[in-house]
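Participant: Based on the provided sequences and hints, a complete structural model is requested.
One-letter residues, chain by chain:
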Amino acid sequence: GENVEQHPSTLSVQEGDSAVIKCTYSDSASNYFPWYKQELGKGPQLIIDIRSNVGEKKDQRIAVTLNKTAKHFSLHITETQPEDSAVYFCAANTGGFKTIFGAGTRLFVKA
Amino acid sequence: DSGVTQTPKHLITATGQRVTLRCSPRSGDLSVYWYQQSLDQGLQFLIQYYNGEERAKGNILERFSAQQFPDLHSELNLSSLELGDSALYFCASSVGQGENEKLFFGSGTQLSVL
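The listed protein sequences correspond, in order, to chains A and B. With my numbering, the residue at position 54 of the first sequence is 96, and numbering never jumps. With my numbering, the residue at position 41 of the second sequence is 45, and numbering never jumps.
Calculated directly from the structure, the hints in this document are not laboratory data. Treat each hint with caution, since some may be false.
Only pairs whose alpha carbons sit at most 30 Å apart, straight line, appear in this in silico DSS-like list of lysine-lysine [as the list claims (entries may be wrong)]:
1) K64(A) to K106(B)
2) K100(A) to K84(A)
3) K110(A) to K100(A)
4) K61(B) to K113(A)
5) K99(A) to K106(B)
6) K106(B) to K84(A)
7) K13(B) to K84(A)
Facilitator: And the structure:
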């Protein structure tokens, strides 16, 4: 089955700096890659997603890139702000009924 | 607010007991998913239902069972509880059957087994 690895587990950046979170997946059939943000005491919330026929997608300060050959995908947050502090999860879906999540990255943005 | 409602928010019980977690999906969503999140762990997929039928199973223990009712709400039943079952249980919903679909998560039920 699909396995998603996520790095780093913890990331601390200064406000205004960029943050990058990287994920790899194992199943070459995976074709949908969402990213979720989980704030303290809340459920995960979808922030951006990318499909396998697209290499990059941007939404304001966040962007995702996908390298299908290497089975890598990454989340980039620019001009980080304290409210970006949260746990971020990458995930992969093979077009079946399961969305498999990475272990999560705890992002701290220091003011 | 995601539109997914989970009750109760907190549940404290003893080992060996049985509990039921409830989830109401967003209006119009036919799929319900259950995930388990242990301390400092990621989201472990348990099971998915679409329009009342089981669609996919993950690492769900035999002591756990779920169902989706005609009104589309879902219940996750956990029995013979062990200390290790203590976790945050999330329900999510999506419009269709789950292929490449966005999931909307509830706020979770925090289960503590003492």
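Participant: Taking the hints in turn, state whether each one holds.
Facilitator: How the hints compare with the structure:
1. A distance of roughly 20 Å separates the Cα atoms of K64(A) and K106(B); the hinted pair therefore holds under the 30 Å criterion.
2. For the hint linking K100(A) to K84(A), the alpha-carbon distance of about 25 Å falls within 30 Å, and the restraint holds.
3. Taking the CA atoms of K110(A) and K100(A), the gap is near 18 Å; set against the 30 Å cutoff, the hint holds.
4. This hinted pair checks out: K61(B) and K113(A) have alpha carbons roughly 24 Å apart, not beyond 30 Å.
5. Taking the CA atoms of K99(A) and K106(B), the gap is about 16 Å. The hint holds against a cut of 30 Å.
6. For the hint pairing K106(B) with K84(A), the CA-to-CA distance comes to about 17 Å; that is within 30 Å, so the pair holds.
7. Under the criterion of a C-alpha separation no larger than 30 Å, the hint pairing K13(B) with K84(A) is consistent with the structure, at around 11 Å.
The earlier numbered hints are all upheld by this structure, with none contradicted.
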